[in-house]
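Student: Given next are the chains, with one letter for each unit.
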Amino acid sequence: MSSMLEQKLDWLFKAYRAACPAPDPSVNFMPGLWAKIDAQRSQSWIIPLRIWATRVTAVAGLAAALLAGAVGLWQQPYSTQVLEVSYVDVLADDAADEFDGDLWLLVGNSQ
Amino acid sequence: MLVEPETIVRAQAGDLSAFNQVVTAYRSRVLGTVFRLIGRPADVEDVTQDVFVRLYYSLDQLRTPEAFEPWLHRLTVNTTYDYLRKRRRSAGVPMADLSEEQVVAADAAESGKRHGDDKQQDQVRQVVGALFANISDEDRILLTLKEIEGLSLKELQKVYNVKENALKVRLFRARKRALKALEDLKEQGKI
Numbered sequence: 072m073s074s075m076l077e078q079k080l081d082w083l084f085k086a087y088r089a090a091c092p093a094p095d096p097s098v099n100f101m102p103g104l105w106a107k108i109d110a111q112r113s114q115s116w117i118i119p120l121r122i123w124a125t126r127v128t129a130v131a132g133l134a135a136a137l138l139a140g141a142v143g144l145w146q147q148p149y150s151t152q153v154l155e156v157s158y159v160d161v162l163a164d165d166a167a168d169e170f171d172g173d174l175w176l177l178v179g180n181s182q
Numbered sequence: 008m009l010v011e012p013e014t015i016v017r018a019q020a021g022d023l024s025a026f027n028q029v030v031t032a033y034r035s036r037v038l039g040t041v042f043r044l045i046g047r048p049a050d051v052e053d054v055t056q057d058v059f060v061r062l063y064y065s066l067d068q069l070r071t072p073e074a075f076e077p078w079l080h081r082l083t084v085n086t087t088y089d090y091l092r093k094r095r096r097s098a099g100v101p102m103a104d105l106s107e108e109q110v111v112a113a114d115a116a117e118s119g120k121r122h123g124d125d126k127q128q129d130q131v132r133q134v135v136g137a138l139f140a141n142i143s144d145e146d147r148i149l150l151t152l153k154e155i156e157g158l159s160l161k162e163l164q165k166v167y168n169v170k171e172n173a174l175k176v177r178l179f180r181a182r183k184r185a186l187k188a189l190e191d192l193k194e195q196g197k198i
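Those sequence lines, one after another, are chains A and B. The numbering of the first sequence is our numbering, which starts it at 72 and goes up by one. The numbering of the second sequence is our numbering, which starts it at 8 and goes up by one.
Some hints here could point you the wrong way.
[Stated by the list, open to error] Below, simulated EDC-like cross-link-like pairs (lysine to aspartate or glutamate); rule was C-alpha separation at most 20 Å, straight line: (1) B:K187 to A:D109; (2) A:K85 to B:D22; (3) A:K107 to B:D22; (4) B:K197 to A:D81; (5) A:K79 to B:D22.
Since the hints were derived computationally from the structure, they do not count as laboratory data. From a predicted model like this one, the values you see are computed outputs, not experimental measurements.
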């Protein structure tokens, strides 16, 4: 960067301060300020309510998860009973059914 | 300090007349800083009021009255930053090369009613407005506080709550980017 550009920037900043003096506050400055303060105060109950709602949602979610877990544990013995029938057993049953069918077909053709 | 430390203590304790005193003492300074930070006269008073609303609701967090001024600067910076961010977001695109101030200045120049000094000041506002539109809000605020408001490094350290070296690096980089933006504007023939 050239030093001329640096000088130009410094000059601009200095001149900008002079070009932007503090404006006079309007007659409505203080009433407007207090209106904003009061408006925020009247809304201030919403913030704790939001926090409370968020916490309740979180607790409810946790409770639901725990309940679901508990129900899952309660039903687990039943599930294991179902799983006691092995995959091989199921395949064997299916194969037996197919075999019976083929036999029936063979018997049918021969007659 | 523009008010006695006792006034700040009283305001912290909920004394509304003390709070009014603090606002009255500092509002002109804050109005000026906000004006130079946002560069949009129409919104200066609104943003300044927001600074004092924040002050009202967080005054109890101030540890010592001596830390009041840097703290007020910090509130000013935060409020202005939020305003600038909203303005950029509502614009939808990066700020136009021709800012509102430039349009106003152009209109004024056309009317031919202004004096020479006013015209020069308008031009300065135009150029700085265009420059600020081409750097980040963070750089804009930091450079305004240092180069235009004239805050010392020590004061800036209190405002930003960072170490001197980190601040120097930030300032160096911000200035470098501002120089680049100025160079670009010059190349485009906008200044």
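Student: Check each numbered hint from earlier against the structure, then list the numbers of those it violates in ascending order.
Tutor: 1, 2, 5
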